[in-house]
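Q: Listed below are the residues making up each chain.
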Amino acid sequence: MPVTFQKIQDLVRMAQDRECAIWQIVMEAEEKERGIPKEELLQEMGRRWQVMLASIVPPVDQPSMGGLVGGDAAKIAGIIDRAVFGPVPTRVIARALAAAENNAAMGRIVAAPTAGSCGILPAVLSVVAEETGADATEAAHALLTAAGVGMVIASNATISGAEGGCQAECGSAAAMAAAAAAELMTGDPVIVAHAAALALKNLLGLVCDPVAGLVEVPCVKRNAFAAVHAFTAAQMAFAGIRSVIPPDEVIWAMHSIGKAMHQDLKETGRGGLAATPTGKKLATKIQSASDKS
Amino acid sequence: MQVVYSVYDIIGPIMVGPSSSHTAGAARIGKMALNILGKSPVAATILLHGSFAAAYKGHGTDRALVAGILGMDPDDLRIKNALEIAAKQGIMVQIAEADLGDAHPNQAKIILQAEDGERVEVLGASTGGGKIVLLEIDGFPLHLSGEYPAMVCVYSDQPGMVAKVSCVLAKYKINIAFMRVVRRTGDRIALMVVETDQPIPSEAALKVQSFAGFYKVKICPATNKI
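In order, the protein sequence lines correspond to chains A and B.
Going letter by letter, the first sequence gives residues 1 to 293 in the numbering used here.
Going letter by letter, the second sequence gives residues 1 to 226 in the numbering used here.
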């Protein structure tokens, strides 16, 4: 019986054949392929979950490395109760911003799959866990489901902004977050797979053009957008909405778009927002400040 | 080289931001350099190449490299203050930009000096996602990822040396996962890097060090378990 999965369709088929959840397929694969015992894997996921929960608390008085971001998580958190958007998605925004701000201030986060996209999965999963009454063990399972999706994307495409643009980092994180949310909402492998596909599909073409080359603008706020986006995808999939293009082909599309993407838009700081007059001004200001230090 | 991803590569590393390649990876390179020296340094010279050189202040790469040299892990909240901590401990740190060749876009050469005069020169690269690879130790080319515990030996290039090491490891019931021997040109000195499935006890290293012809034996614990 094959244990390895290479594609999303493998994860779904194996889960369906064994009438289990995707996270169980991932757990078995890690045990057979890398000799990681199930208990250890769950414990490690639990540990990462705890760090994620700590990371979604807004940093206080922690300036970001470049000074371009900070304080926005607190702003959104302050209006949750009167947000027209509603408390659930607004909490997602606040938490995603908080983790991304912590990252930019050299605080402790969990890369998922990267540091620049570290706010997306924790924000979505923590709110969905609260809303569905899931406990820490179920959250750890959902993290494994997310990991499975991320592993497929990493090995068939890329999770690096320098290689594939932001669709590879925030797009992948959103796919992972949507899968994790769907895991908690239903656990149905087909719904999980389509949640991931819908999330990634609708961030295709997203470029990596960070101002001054830092992980601050537009990265921090983008975590919030990608998190709410992932929630949208999970909710649609839960309702029975399917991605017309199958999940593995969406991943292929992301990879091919990344390869076609101009180098100026792949974490080089030469194009897009980084190349705007304000972007360039900020870059010069930060560079001369750091030359003096 | 086909990269195989594990759950820990995707949900992880646990780290201090902002960048897994420029911060977490840098901290790991620093710590591997410390492990190769095997004792606390009194001086560190760091040469940065490529994107590391261009982006290091904004990504805290300098702080992370020094933090690793001080023994910190990539998730240590003190990384932010590593430069001040090093200064307080009286460690001389010099950081400069250099061209280290085209092997990788993010490279750092770390030269560490201990109080007793022992010196190591390590070239490391940050390959993404917090992963690293050591490309050179004291002029010996190699490819050490830090995923596995490793024993690094500098020894006299003659028959029987590899056998001595593998016997010692076998005695301690340690399984060899990967092994590489490489020669440096010009002298009859070689480097052996043995990556193992189990952690290597210091007694094993001392035993190998006691054999004639072994000049340096260092243990590098795995640096990926975070």
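A few of these clues could be false.
Listed next, the stretches of chain B that the computed footprint assigns to chain A, with coverage defined by at least 3 CB atoms under 8 Å from CB atoms of chain A [said to hold, decoys possible]:
(1) 10-16
(2) 19-30
(3) 36-48
(4) 181-192
If the Cβ cut is set under 7 Å, some of the chain A residues that face chain B in the computed set are [claimed, not checked]:
(5) N103
(6) A112
(7) M151
(8) S160
(9) A239
If you only want the chain B side, here are some residues facing chain A, beta carbon under 10 Å, derived [what the hints assert, rightly or not]:
(10) V4
(11) S6
(12) V7
(13) A64
(14) P105
(15) E115
(16) G117
(17) R119
(18) G128
(19) G129
(20) F140
Read the hints as simulated data drawn from the structure, not as lab findings.
Even glycine gets a Cβ: it sits at the ideal position worked out from N, Cα and C.
Q: For every hint, state whether the structure bears it out.
A: We went through each hint and held it up to the structure:
1. 10-16: holds (count 7)
2. 19-30: holds (count 4)
3. 36-48: violated (count 0)
4. 181-192: violated (count 0)
5. N103: holds, 3 Å
6. A112: holds, 5 Å
7. M151: holds, 5 Å
8. S160: holds, 5 Å
9. A239: violated, 27 Å
10. V4: holds, 7 Å
11. S6: holds, 6 Å
12. V7: holds, 4 Å
13. A64: holds, 9 Å
14. P105: P105 (chain B) check passes; min Cβ-Cβ to chain A is 8 Å, inside 10 Å.
15. E115: Violated, about 29 Å.
16. G117: Violated: closest Cβ of chain A sits about 32 Å from G117 (chain B), beyond 10 Å.
17. R119: violated, 29 Å
18. G128: holds, 5 Å
19. G129: Holds. Min distance 7 Å.
20. F140: This hint is violated: F140 (chain B) lies away from chain A, its Cβ roughly 29 Å from the closest one there, beyond 10 Å.
This entry does not satisfy hints 3, 4, 9, 15, 16, 17, 20, going by the numbered hints stated previously.
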